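Here is how the chains run, residue by residue.
There are 2 protein chains.
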Amino acid sequence: MEGGVDHLAPERNKSEFDVDAMKIVWAGSSHVLQVSERMARLVASDPVFRKDNRPMLGRKELFKNTLRKATYAWKRIIELRLNEEEASMLRSFVDEPAFTDLHWGMFVPAIKGQGTEDQQQKWLPLAQKMQIIGCYAQTELGHGSNVQGLETTATFDPKTDEFVIHSPTLTSSKWWPGGLGKVSTHAVVYARLITDGQDHGVNGFIVQLRSLDDHLPLPGITIGDIGMKFGNGAYNTMDNGVLRFDNVRIPRDQMLMRVSQVTREGKLVQSKVPRQLVYGTMVYVRQTIVADASVAMSRAVCIATRYSAVRRQFGSHNGGPETQVIDYKTQQARLFPLIASAYAFRFVGEWLKWLYMDVMQRLQASDFSTLPEAHACTAGLKSLTTSATADGIEECRKLCGGHGYLCSSGLPELFAVYVPTCTYEGDNVVLQLQVARHLMKTISQLGSGKKPIGTTAYIGRLEQLMQYRSDVQKAEDWLKPDVVLVAFEARAARKSAAVAQNLSKFSNPEEGFQELSADLAEAAVAHCQLIVVSKFIEKLQKDIPGKGVKQQLERLCSIYALFLLHKHLGDFLSTGCITPKQGNLANEQLRSLYSQVRPNAIALVDAFNYTDHYLGSVLGRYDGNVYQMLYDEAWKDPLNDSVVPDGYQEHIRPMLKQQLRNARL
Amino acid sequence: MEGGVDHLAPERNKSEFDVDAMKIVWAGSSHVLQVSERMARLVASDPVFRKDNRPMLGRKELFKNTLRKATYAWKRIIELRLNEEEASMLRSFVDEPAFTDLHWGMFVPAIKGQGTEDQQQKWLPLAQKMQIIGCYAQTELGHGSNVQGLETTATFDPKTDEFVIHSPTLTSSKWWPGGLGKVSTHAVVYARLITDGQDHGVNGFIVQLRSLDDHLPLPGITIGDIGMKFGNGAYNTMDNGVLRFDNVRIPRDQMLMRVSQVTREGKLVQSKVPRQLVYGTMVYVRQTIVADASVAMSRAVCIATRYSAVRRQFGSHNGGPETQVIDYKTQQARLFPLIASAYAFRFVGEWLKWLYMDVMQRLQASDFSTLPEAHACTAGLKSLTTSATADGIEECRKLCGGHGYLCSSGLPELFAVYVPTCTYEGDNVVLQLQVARHLMKTISQLGSGKKPIGTTAYIGRLEQLMQYRSDVQKAEDWLKPDVVLVAFEARAARKSAAVAQNLSKFSNPEEGFQELSADLAEAAVAHCQLIVVSKFIEKLQKDIPGKGVKQQLERLCSIYALFLLHKHLGDFLSTGCITPKQGNLANEQLRSLYSQVRPNAIALVDAFNYTDHYLGSVLGRYDGNVYQMLYDEAWKDPLNDSVVPDGYQEHIRPMLKQQLRNARL
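So the sequences go chain by chain: A and B. Each residue of the first sequence is one higher than the one before, starting from 1 at the first, in UniProt numbering. Each residue of the second sequence is one higher than the one before, starting from 1 at the first, in UniProt numbering.
Take these hints with a grain of salt, some might be off.
A pair counts as met if it fits within one copy or between any two copies, since identical chains are not told apart.
[What the hints assert, rightly or not] Taking lysine to any residue and the SDA-like style, the derived pairs with C-alpha atoms no more than 20 Å apart in a straight line are:
1. Lys567 with Ser387
2. Lys60 with Ser642
3. Lys329 with Gln514
4. Lys64 with Pro638
5. Lys23 with Leu277
6. Lys272 with Ser366
7. Lys657 with Ser15
8. Lys581 with Leu485
9. Lys636 with Ile221
10. Lys474 with Glu538
11. Lys581 with Leu503
12. Lys636 with Leu57
13. Lys657 with Ala127
14. Lys51 with Asn318
FYI, nobody ran anything at the bench for these hints, they're computed from the structure. Computed from a predicted model, the values in this text were never measured in an experiment.
With the hints as extra help, turn the sequences into a complete structure.
Dropping the structure here:
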C-alpha cells in the first residue's frame with residue numbers, strides 16, 4: 001500500500017488464502033521476490049523514471065527522455081554495483097523499450113553464441129562496459145520470417161583480406177532493428193557470405209556503424225529511424241532503424257566465426273562446434289518471451305480486476321450502492337480465465353527454464369535427440385502465449401469500459417508495446433506451422449517404432465486415445481486433473497491424426513501441407529494448449545506451501561482448462577472426445593468455479609506484487625482510489641495549459657463570428 | 001490509379017467480374033458513388049487535409065491542426081454550396097475526429113428530437129450556421145451504461161423561474177463528451193430533473209458553457225480536456241472533456257421539453273408526444289454505426305489484401321520469385337472471411353436503413369408494435385458488427401506482419417480510432433444482454449400465441465427447428481442458401497431455447513438471468529449472426545447487374561456463413577444441428593471457396609473505391625509500390641531531422657566515453 005485510504009480493503013479481507021505465500025509462488029522463490037521488490041521500489045521512488053508523461057510527448061522529446069532514462073539506469077547500476085540479476089530486473093521495471101534492450105539482449109548474446117574465443121575476448125569487454133553500443137541487424141525491408149532470403153551481401157575480397165558489406169537492392173535495406181536508428185555504434189549484421197563467387201548463405205558480421213568520436217555514420221553507411229509505430233509512447237521510445245551499405249569494408253576477423261570460418265585464402269571451413277547450438281539460443285530467447293507473456297498478461301488483469309471491483313453500474317436497490325462490475329457473470333467469464341492464463345503462462349514459463357537447461361546439458365554432451373521436440377515446443381508456446389496475451393490485454397481494456405481507452409488507464413500503452421511480440425522472433429502463424437510439421441513427422445514415424453518424447457509423448461498412445469470417450473457424469477468430475485488431461489490429449493491427438501490422414505491423400509506432400517495449413521495450425525494450437533494445461537497440472541502435483549494457496553491454483557487450473565474446452569468445444573465434440581452433455585457440465589462447473597474465485601480475485605492479482613509505478617494505471621491502483629486520480633491526471637494534459645485553446649483566434653472565433661469567408665486558414 | 005507503374009496490374013487482370021458494377025453495389029447507387037468520388041477527390045487533392053503527419057505531432061499541434069481542418073472544411077462547404085449529403089461525405093473523407101462530429105451528429109439531432117417547436121426555432125438556426133458550437137454531455141465519470149444513474153442535478157427554482165445545474169459529487173463530473181473540452185460553447189446536458197424536492201429522472205438541458213466573446217467558461221463552470229487516449233493521432237484530435245457545474249443557473253425554457261414540460265409553477269407535465277420517439281433516434285444512430293463498421297472493416301481489408309499480394313516470402317524455386325503471401329491458405333483463411341464480413345456488414349447496414357424508415361412511419365401512425373424487435377435487432381447488430389470490426393482491423397494489422405506495426409501502414413490509427421465504438425452508444429456486452437432479454441421474452445410468449453415478428457420470426461417455428469437435422473451430404477450442399485439459413489436458424493433457436501429452459505429452473509428469474517448471463521450472451525450472438533447471414537442471402541435474391549458480380553457476392557456470402565459455422569462449430573454440434581462429418585464438409589467447401597475468391601481478391605477490395613489519401617496507408621496503396629513508399633515515409637520522422645540525435649552529447653557520449661560518474665543526468 002502506498003498511503004491513504006484503501007478502497008479495496010473489503011475485497012482484501014474476503015480472500016481465503018495467504019497472499020504472501022502466493023507472492024513467492026509467483027516470483028519463483030523468496031530470493032527473487034525480495035530482489036524484485038527492492039529493484040521495483042528503487043525505480044518507483046526515483047523521479048527520473050517517471051513515465052506518466054510519456055503519451056503527451058512529441059517523438060523527439062520522448063526519445064531524448066528515453067536516452068536519459070537508459071543512461072541514468074546504467075549509471076545507477078554502476079553506482080550501486082548491482083549484479084546481473086539485479087541490473088536486469090531494474091531495467092525491466094524501468095519499463096520502457098530502449099536501445100539497451102538490444103545491446104544486452106541480442107548484441108552481446110550474438111557475440112557470445114557465434115563469436116570465437118578471440119572475438120569474444122576482443123568485443124565483449126567493450127560491450128560490457130558500454131564503450132560500444134550494439135544492435136542486431138537481421139530483418140530487412142523485404143525479408144523477415146524467411147531469414148534465408150536476406151539480400152545484404154558480404155563478399156570476401158582476398159586482395160585486401162576484407163569483407164565488402166553491401167545493400168544491392170532497396171528491399172535489402174536493414175529495417176526494424178531496435179537501437180539501430182540513432183544510438184548504436186556497432187551492429188551484428190546478417191548478410192549472405194560470398195567467397196569466390198559462391199553464395200554460402202547467411203552469416204553474422206560485426207560492423208562498426210558510427211564514429212566513436214562524433215557519432216556520425218561511417219562512410220558508405222546510411223542510417224535513419226523508420227518512423228512512428230503503434231501507440232503513444234510504446235515502442236516510439238525505441239529507434240528502430242533503417243540501414244544501407246554502399247560497399248563498406250570490414251576486416252575478415254569481424255565475421256562471427258564460431259561455426260564457420262573463412263580462411264585468408266577465402267576458403268570456407270566448418271568448425272567442430274555443432275550448428276545446433278543456435279537452437280539452444282532460440283530455446284532461451286523464447287523461454288524469456290513466454291515469461292514476459294505472463295508478466296504482460298498479469299499486469300493487464302491486475303488493472304482490470306481491481307477496477308472491476310471499484311466500478312459499480314446498475315443494480316442499485318432502494319438507493320443502495322450499485323453492483324460491483326466484478327460481480328457480473330459476463331465480466332467474470334471474460335476476466336477470470338485471463339487471471340488463470342496469467343498463472344498458467346507463469347508456470348509453463350518456469351518449466352521452459354528447466355527445458356532450456358536440459359537442452360543445453362544435452363548439447364554439451366553432443367546429444368541432439370531432444371532438439372526437434374524442444375524446438376517445436378518452444379515455438380508453439382511462444383506463439384500460443386503471445387497471441388493469447390495480446391488478445392487478453394485488449395480484452396482487459398474493454399473490461400474497463402470507456403475509461404480503459406484513456407492512456408492514464410495504462411492499457412493502451414501495454415497493448416501497443418506488447419503486440420509486436422506476436423510478430424518478432426517468429427511470426428505466430430509461421431511458428432504454428434512449424435509445430436504442425438513436427439506433429440505430422442511424429443505421427444508418420446509411429447509406424448517405424450520411433451517413440452515420441454517430451455511434450456509429444458502422448459502421441460505414442462495414439463491408438464488408445466483414438467478409442468477414448470470421456471466418462472464425465474457430473475459437473476464436479478471435470479475438477480479431476482486426469483479427466484481434463486486425457487480429454488485434452490485425446491483432442492490434440494485426434495486433431496493431428498485427422499489432418500495426417502487428409503495429408504496422406506495428396507500425392508505431393510508439400511502441396512497437401514499448403515492446402516491444409518489452416519487445419520494444421522488448429523492441430524498445433526490443440527497440442528500447445530495441452531502442453532500448458534499439463535504443465536499447470538504438473539506444477540500442482542508438487543508441494544506448494546501457504547494456507548489455501550494450492551487450492552486457489554487448483555481452481556485457476558480448472559478454469560484455464562475448462563475455459564479452453566468451452567472455447568474450442570467444436571474440437572472436442574467433432575473429434576468425439578466428449579458429448580454435448582459433458583460439454584454443458586463443463587460449462588456448469590466453470591460457473592461454479594467463477595463464484596469460488598470471486599472473493600479471492602483481488603488477492604490473486606495482489607500476488608503479482610506490482611508497484612503502482614510499474615502498473616502505470618490510475619484504474620489499477622493498489623488503493624482503488626480511481627476517480628480522484630482519473631480526475632487529477634486529466635489536468636496534466638498539455639491541452640489544459642490554457643483554458644482557451646491555441647487556435648481559437650485563428651479558427652474557432654472566425655467561425656462563430658461568421659467571418660470565415662475572409663479568414664485565411 | 002494515381003500515376004506511375006501499377007504493381008498490382010497482374011492481379012487486376014485476373015479478376016472475373018465487372019469492378020465498376022461492384023462499385024455501384026458497394027456504394028448503394030450510382031448517384032452515391034458519383035457524389036462520394038467527387039468529395040473524396042476534393043479532400044484528397046487539398047493539402048490542408050493532409051494527414052500523414054498526424055502520428056508525429058504533439059498533442060497541442062495535433063489539436064490545433066484539427067481545428068484548422070474542421071474550420072476549413074466548413075469554409076469549403078459554404079464556398080462550394082455543398083448540400084447536406086455532400087457536406088457529410090466531405091467530413092467523412094477528412095477522416096479525423098473533430099468537435100464538428102458531435103455538433104452535427106449529436107447536438108443538432110438532440111435539439112431536433114427532444115426540443116419543442118419553439119426551442120428548435122430558437123436554437124437550430126444558430127447551430128446550423130455554427131454561431132454556436134454544441135456537444136452532448138451525457139456520460140459522467142461514474143456512469144456510462146447506466147444512464148438512469150447519472151448524478152448531475154437540474155433543480156427548478158420557482159422563485160427565479162430557473163434551473164440550477166449542479167455537480168454534487170466527483171463522480172457526477174461530465175466525462176468523455178467529444179468537443180466539450182476546448183471548443184463547444186454550448187451543450188445538451190443530461191441531468192436529474194428535480195422539482196419541489198422530487199426527482200423525476202434524467203432529462204436534457206441546453207446549457208451555455210463558454211462566453212461567445214472570449215471563449216472563457218462562464219461563472220460556476222469548470223471545463224478541461226480529459227487527456228490522451230489510445231493511439232497516436234486517433235481520437236487525440238478530439239477534445240473529449242470534463243465538465244463540472246457549481247450551481248449554474250439557466251432559464252426554464254432551456255430544458256428540452258418535447259416530451260416532458262416543467263410549468264412556471266414547477267409542475268411536471270407529460271406532452272402528447274410519445275416517449276417511444278427516442279427509440280427511433282436510437283435505431284437511426286445505430287444504423288449509422290453499422291454502416292461505419294462496414295467502412296472501417298473494408299478499409300482494413302483493402303490494405304491487408306493489397307499488401308498480401310505485394311509481399312512475398314518463402315517458396316522460391318530455382319531463384320524464381322517467392323510466393324505471394326496471399327497465396328498461403330493460412331493467410332486466406334484469415335483474410336477472406338474479413339472481406340466477406342465487410343460486404344455482409346454493408347448489406348445489413350443497408351437493410352437497417354429500411355428498418356429505420358419503417359419504424360419511423362409506424363411511430364408516426366402510433367404503431368409501436370415493432371419497436372421492441374427493432375430495438376433489440378439494432379442493439380444486437382451494433383454489438384456484433386463493431387466487435388467483429390475492431391477484431392478484424394487488428395487481424396488485418398497482424399496479416400501485414402511487422403510492417404503493419406508502423407503508423408505509415410495506417411492500421412494502428414484505424415484500430416485506435418475505431419475501438420471506442422465497442423463501448424459508446426451502448427457497451428457491446430450490455431447490448432448483447434438486451435438482445436437476450438428480448439429473445440427470452442419472445443420465447444416465453446410463444447405459449448400465449450403471440451407470434452414473433454421481424455428478425456425473430458423464425459422463433460415462431462421453434463418446434464420444427466428443434467426437430468431439424470441438416471441433410472448435407474456433400475461439400476457443395478453447403479452452397480445452397482436454404483441449407484445454410486435453416487442451420488443458422490436451428491442453432492440460434494436451440495441456443496435460446498436451451499437457456500430459456502435453464503432459466504425456468506430458477507425461482508427468481510432475475511437471479512437466473514444474472515447467473516446464466518454468459519450463456520445468454522452467446523444465444524444473442526447466434527441470433528445476430530443469423531440476422532447478418534439472412535440479410536446477405538436476401539440481398540442476393542434481388543437482381544444484381546454486372547458481369548459476374550452476383551457470383552462473387554454469392555461466394556462471399558457462403559464464406560461469411562461457413563466461416564462462422566466453423567468458428568462456432570461447438571454451437572452447431574452441441575445443439576445437434578449438424579454432424580461432425582457435415583462440419584468437415586463445410587470446412588472443405590470453405591477451402592474451395594477461398595481458391596475461387598483468390599483471383600478476385602484485389603478487385604473485390606478495389607470495389608470499395610477508396611483513394612490513397614483516405615486509406616492513408618503505404619501498404620494499401622492502389623499501385624502496390626509499397627517498399628519505396630515505406631522507405632520514403634520513414635525519413636519524414638522528426639527524429640531524422642538530424643543524423644546525430646538530440647541527447648547524444650548529454651547522454652550517449654558520456655556513456656561511451658566512460659564519463660558517467662561525473663555526468664549530470
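Hints and how they fare:
Taking identical chains as interchangeable, the C-alpha atoms of lysine 567 and serine 387 lie at most 20 Å apart whether they share a chain (15 Å) or sit on different chains (17 Å). Taking the closest pair of Cα atoms, lysine 60 and serine 642 come within 20 Å of each other only across two copies (11 Å); inside a single copy the shortest separation is 23 Å, beyond that limit. Taking the shortest Cα distances, lysine 329 and glutamine 514 sit within 20 Å of each other only across copies (7 Å), while inside one copy they are farther apart (42 Å). Proximity of lysine 64 to proline 638 under the C-alpha cut-off of 20 Å is found in both arrangements, the shortest distances being 18 Å within a copy and 12 Å between copies.
In this assembly of identical chains, lysine 23 and leucine 277 lie within 20 Å of each other by CA distance neither inside one copy nor across copies; the values are 35 Å within and 56 Å between. For the homomeric pair lysine 272 and serine 366, the shortest alpha-carbon distance inside one copy (11 Å) is at most 20 Å, but the shortest distance between copies (89 Å) is not. For the identical chains of this complex, lysine 657 and serine 15 are neighbours neither inside a copy (61 Å) nor across copies (53 Å), given an alpha-carbon limit of 20 Å. For a Cα distance limit of 20 Å, the shortest separation of lysine 581 from leucine 485 inside one copy, 19 Å, qualifies, whereas the shortest one across copies, 25 Å, does not.
Proximity of lysine 636 to isoleucine 221 under the C-alpha cut-off of 20 Å is restricted to the inter-copy arrangement: shortest distance 19 Å between copies versus 42 Å within a copy. For the homomeric pair lysine 474 and glutamate 538, neither the shortest alpha-carbon distance inside one copy (24 Å) nor that between copies (44 Å) is at most 20 Å. Taking the shortest Cα distances, lysine 581 and leucine 503 sit within 20 Å of each other only across copies (17 Å), while inside one copy they are farther apart (32 Å). Proximity of lysine 636 and leucine 57 under a CA criterion of 20 Å is satisfied in both settings, with 12 Å inside one chain copy and 18 Å between copies.
For the homomeric pair lysine 657 and alanine 127, the shortest alpha-carbon distance between copies (12 Å) is at most 20 Å, but the shortest distance inside one copy (63 Å) is not. Taking the closest pair of Cα atoms, lysine 51 and asparagine 318 never come within 20 Å of each other, the shortest separation being 43 Å inside a single copy and 52 Å across copies.
Against the hints set out earlier in the document, violations occur for numbers 5, 7, 10 and 14.
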